[in-house]
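Fit chain to chain and form the complex, with the hints in mind.
Those protein sequence lines, which keep their order, are chains H and Y.
With the first letter of the first sequence counted as 1, position 108 gets the number 108 in the working numbering; the numbers rise by one all the way through.
Here the working numbering = 1-based position in the second sequence + 1000.
Rather than coming from a laboratory, the hints here were simulated on the basis of the structure.
Ideal Cβ positions, reconstructed from N, Cα and C, are used throughout, including at glycine.
Be a bit skeptical, because a hint or two may be false.
[Stated by the list, open to error] Just so you have them, the derived chain H footprint on chain Y, three or more residues with Cβ under 8 angstroms:
hint, stretch
1, 1004-1015
2, 1142-1151
[What the hints assert, rightly or not] Computed footprint of chain Y on chain H; a stretch qualifies when at least three of its residues, placed anywhere within it, have a C-beta under 8 angstroms from a C-beta of chain Y:
hint, stretch
3, 72-79
4, 123-132
5, 142-151
6, 172-186
7, 202-208
[Unchecked claim] Take a look, some chain H residues computed to stay more than 10 angstroms from chain Y by CB distance:
hint, residue
8, A10
9, A37
10, A38
11, G41
12, V43
13, A190
14, V194
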Amino acid sequence: MEQQTVRRAARWGLTPGTTAPISLGLAVLAAVWFSDAARTGAVAGALLLAATVVLARVDVGLARAGAATRRQVWRSALLRRAEEAIVYAGLAAGAAAGPAAGGAGPFAPGGPFAPGGPAGVWGMAALALVLPALGRTIAASFAARHPAAAPGRPAGFGRIITLPRPERFALVSVTAALGDPVLVFTVLTAWGGVAVAAVLAGCLLRSLWPVTP
Amino acid sequence: MNGGILRVYRDDGPLARALGVLARGGLPPVPGAVGAAVLTTVLFAADEGGNPAPALFAPVIAVLLIGPASAHPHTGRLDWTAPPMIRAIEYGYLTVLGFAHAVAAPLVFALVALLALHHHDTVHRTRRGPRRQRLLRAGLGWEGRMLIVACGGLSGSLPFAYAALAAYLGVLFGGEGVAAWARAGPGGRVQVDLKEEEA
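In isolation and in its complexed conformation, chain Y is listed as follows (with noise of 0.2 angstroms):
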């Protein structure tokens, strides 16, 4: 049971999603999920000045190993382990790309601020009901944002895909908040999870 909320925190994109219905839901999260990190790492290491940069191929490499395991029920003892690694594979994706390549800092931080505004509500909402899926869907799903960026970094033009991705992120939360805000009218009284809250 409830391997239906891991596979939503796991924010799969269209594309990680059509390799899981191809696999049939056959392939365990974990393995693919450790080799993607590994292989990452690796590839950033191995970045020593060349052009077209490894890292830059990373993303594919990503998409490959974990999102043929999407359709998996992550029923396995440690398949809880899946999301936190892809979180960690798309910040520290994000992050050290940027970084290195001389993006402007304040615009990976944005970037950065949004996705981690982005995964919040991804395990709020689903805790509170299924409603609303759409908009994490319009997220486009983390394969989908580091193939963006890749993209970018392979035409040249990697600022350029962080601001817009960043752009991207920021109207639809802050149209999701003005429209939230503008709904807000009187509901249901609830039982506040005071960890939900505090962590």
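Same shape as in the complex, but just chain H (with noise of 0.2 angstroms):
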């Protein structure tokens, strides 16, 4: 199914050089969507997500079959960070905009990042965006210094743990279709301090009891 969807992507002429623009402008619609606080909005704005989860895998795909350039990687790579930041944005915009959200999970009680808090759904915002942030720094940080133990492409439940990008969209776009931005951005910081904690606990074991081949 994906080989095939890739193929004719390929045969529709498209490159990464196009759909990464192609995706970003998808995650700019589905920002302005979700900036609009009301159900029909966020539904909309989780199918474009969908959308861009599903462009990433062409993407990643034409790459692999060797239409990619060395400045086209890492123009996509580029982008699908913005397009985050972005997404993020846009959900922030429609929670601060929008109705006061009810009382939601541990934000809620009178905590820096209540709702109606000083820093707000926003301060949840920046930390979705920063724990992934961290959790790459660790990652390449380590495999700077111990290129030979650094752990390969997460699979199963490593996948699960770490949550990398397409997975991350796609419970944006699921939360966001069936809840609120606070659910969103309470789901994504409790998984990512569970990720970047993850991420860490293992470069920490790796450096303190390498395993030698």
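Below, the structure is given as structure tokens:
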């Protein structure tokens, strides 16, 4: 199914150079819908977000097939980070503009991340953005120091814990469609915290007790 | 080996580099980074509406503790923890200070998002080779950005400092993005690292 989609995309003349800007455009549209803070907006945004996840898969498939230049890969990666920030900004703007969100989760009771608190939903959005960035820095720094011991591409349970970007966007899409932005960011920050802790623990263990082959 | 990459990941600015040259790479990076993280947290906790707020002096302490280790070869077993700690201090400082001092929330978010882009770019660019490190230096370094914000706070214009910094980084990235777009031509085919693309 995935192979077919990638082949069809290639036949349409799509390259990573074109999929990344299209994906960014979809993410911007999703953010605009999310900022509306209505149920229809949330569902439309979630669908657009799901489309960016599919496009990202196609993008990776095309790149693996050898259709990408070095610069395109770099630009796609950077545009995907920008997408994430834009979508979160749209969600936060929707929550800040919309009706006061009800008490939800650990962020509700008077804490600094409470919807009415000093940081509000924008603080949760910033935290949701920063946690994966920290996780990436930890993984990259560890890999630079101990290249042989660096963990490979996560699979199965590891993917569920570390929540890579496609899974993260899918989670945002589902929670945004079913709940409100506060729910999205509550789930994202909690899961992101666990993911960073897991990555950090794994890297610390590997550098303190290296497995010698 | 590979300590050089970690030193790029640190994203030190001119001041931290100068302190590192003074210390001649003799100081290990981890203790200073842990100390700076703890002291920054303590200064935020001690912030009870005093004027000037104690947290505004955290960047000075951080650069004095972390900067001298910038020339260290980073070859210790746990030295890879220094760049993530520096990142955590920078992100934490800029967000908590901004939200605590009522800087417009979208502005704080925008600055943090641009920083995340900058840091992602740092890692990606370094993996792809040493080209165009100039742009990374134009990012002012972690201590440069924290000090600019702190100076803005001391002079009573914190929102302006956030806006100026975000605008500067935004123009830096926008300009680079457009330039890369214009230059984008046929290049070498690459083996794509899926782990890196998806994280």
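Can the stretch 1004-1015 of chain Y be counted as covered by chain H under the rule of three residues or more with Cβ-Cβ separation shorter than 8 angstroms? Coverage by chain H holds here, the residue count being 3 at a Cβ distance below 8 angstroms.
So is the stretch 72-79 of chain H in contact with chain Y by the C-beta rule, three or more residues under 8 angstroms, or is the coverage claim wrong? Since three or more residues must qualify, the claim that chain Y covers the stretch 72-79 of chain H holds, with 7 doing so at under 8 angstroms.
Regarding the assertion that A38 (chain H) does not contact chain Y, is the least Cβ-Cβ distance greater than 10 angstroms? It holds; A38 (chain H) is separated from chain Y by about 20 angstroms at its closest Cβ, greater than 10 angstroms.
Checking the smallest CB distance to chain Y, is V43 (chain H) really beyond 10 angstroms? V43 (chain H) is indeed farther than 10 angstroms from all Cβ atoms of chain Y, at 24 angstroms.
Does A37 (chain H) really sit off the interface, with its C-beta more than 10 angstroms from all C-beta atoms of chain Y? With a cut-off of 10 angstroms, A37 (chain H) remains clear of chain Y, as the shortest Cβ separation is near 15 angstroms.
Between the stretch 142-151 of chain H and chain Y, are there enough contacts, at least three residues with CB-CB distance under 8 angstroms, for the coverage claim to hold? holds (count 5)
Cut-off 8 angstroms, C-beta pairs, minimum 3 residues; does the coverage of the stretch 123-132 of chain H by chain Y stand? Result for this restraint: holds, n = 7.
Hey, does A10 (chain H) actually stay past 10 angstroms from chain Y on C-beta? Holds, since 15 angstroms exceeds 10 angstroms.
Separation of A190 (chain H) from chain Y, once the least beta-carbon distance is taken, above 10 angstroms: Check passes; 18 angstroms lies beyond 10 angstroms.
How about the stretch 1142-1151 of chain Y: do at least three of its residues have a C-beta closer than 8 angstroms to a C-beta of chain H? Coverage by chain H is violated here, the residue count being 0 at a Cβ distance below 8 angstroms.
Taking a Cβ-to-Cβ distance below 8 angstroms as contact, does the stretch 172-186 of chain H have at least three residues touching chain Y? violated (count 0)
Check whether three or more residues of the stretch 202-208 of chain H sit with their beta carbon closer than 8 angstroms to a beta carbon of chain Y. Per the Cβ count (4), the hint holds.
Hint compliance for this structure: hints 2 and 6 are broken, all remaining hints hold.
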